Amino acid sequence: GQNIDQPTEMTATEGAIVQINCTYQTSGFNGLFWYQQHAGEAPTFLSYNVLDGLEEKGRFSSFLSRSKGYSYLLLKELQMKDSASYLCAVRDEGDDKIIFGKGTRLHILP
Amino acid sequence: EPEVTQTPSHQVTQMGQEVILRCVPISNHLYFYWYRQILGQKVEFLVSFYNNEISEKSEIFDDQFSVERPDGSNFTLKIRSTKLEDSAMYFCASSVDRSNYGYTFGSGTRLTVV
Chain A
1 GQNIDQPTEM TATEGAIVQI NCTYQTSGFN GLFWYQQHAG EAPTFLSYNV LDGLEEKGRF
61 SSFLSRSKGY SYLLLKELQM KDSASYLCAV RDEGDDKIIF GKGTRLHILP
Chain B
1 EPEVTQTPSH QVTQMGQEVI LRCVPISNHL YFYWYRQILG QKVEFLVSFY NNEISEKSEI
61 FDDQFSVERP DGSNFTLKIR STKLEDSAMY FCASSVDRSN YGYTFGSGTR LTVV
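Chains as they are written, first to last, in the numbering used here: chain A, 1 to 110; chain B, 1 to 114.
In case anyone wonders, no lab produced these hints; they're calculated from the structure. Because the structure is a prediction, the values reported are computed rather than measured. Worth double-checking, as some hints may not be accurate.
[To be verified] Listed next, with one range per pair, are the computed distances between beta-carbon atoms:
hint: 1; chain 1: B; residue 1: 39; chain 2: A; residue 2: 80; range: 19 to 29 Å
hint: 2; chain 1: A; residue 1: 27; chain 2: B; residue 2: 15; range: 20 to 30 Å
hint: 3; chain 1: B; residue 1: 76; chain 2: A; residue 2: 5; range: 28 to 38 Å
hint: 4; chain 1: B; residue 1: 97; chain 2: A; residue 2: 58; range: 16 to 26 Å
The beta carbon of each residue, even a glycine, is placed where N, CA and C say it ideally should be.
Generate the whole structure from the sequences, applying the supplied hints.
Next up, the structure:
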């Protein structure tokens, strides 16, 4: 099974940088995903890490350390539209499914 | 951009009634999933489907639930006898394979059991 922990809520200012952390425990590991979910909408895929290191995609970057069971999502140049929940999810080796954490609700202040 | 389509967007049903939630996955995708999200809670895995059969299911997916791919394009979730606690947003998702692209989710069906 999996256990995924991330902060419940965070607040940041428009234009700033924010880092959302995620720790996980799995019996096997085959990838970590970050999704964005606006209120009342479906999750949308942001990033995938399976090897250690940083993956950069525009304003968003995701980092993984498999030995530490740790990932973070870094959002730069924050915009008001980035106000959403950010879901960390993991996939076990041999599985099709991904399991989601409870999500971090990010509030952006002007 | 290809989409996963879900219908209806909102369904209200009486406790004990059967409901069928419908999904049209992206056409070249091979893996299909149902997830649910109770209001204010996390997205929970229900079932995955590949090669015309269930590949994994969670403890939530008990005998009251079933899935079907009746015609090669639709993917349905049936709840036989709904309970109040089945009220949730149900998301269908599909993926081309078990790759790094993650899933594409549909916009969801909000099921309200009264």
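Here's how the hints hold up against the structure:
A beta carbon spacing of about 24 Å between residue 39 of chain B and residue 80 of chain A agrees with the range 19 to 29 Å that was offered as a hint. A hinted range of 20 to 30 Å is violated for the C-beta pair residue 27 of chain A and residue 15 of chain B, which are about 37 Å apart. Against the hinted window of 28 to 38 Å, the Cβ-Cβ separation of residue 76 of chain B and residue 5 of chain A comes to about 34 Å, which satisfies the hint. Taken as a hint, the range 16 to 26 Å holds for the pair residue 97 of chain B and residue 58 of chain A, whose Cβ atoms sit roughly 25 Å apart.
Going down the numbered hints, you'll see the structure goes against just number 2.
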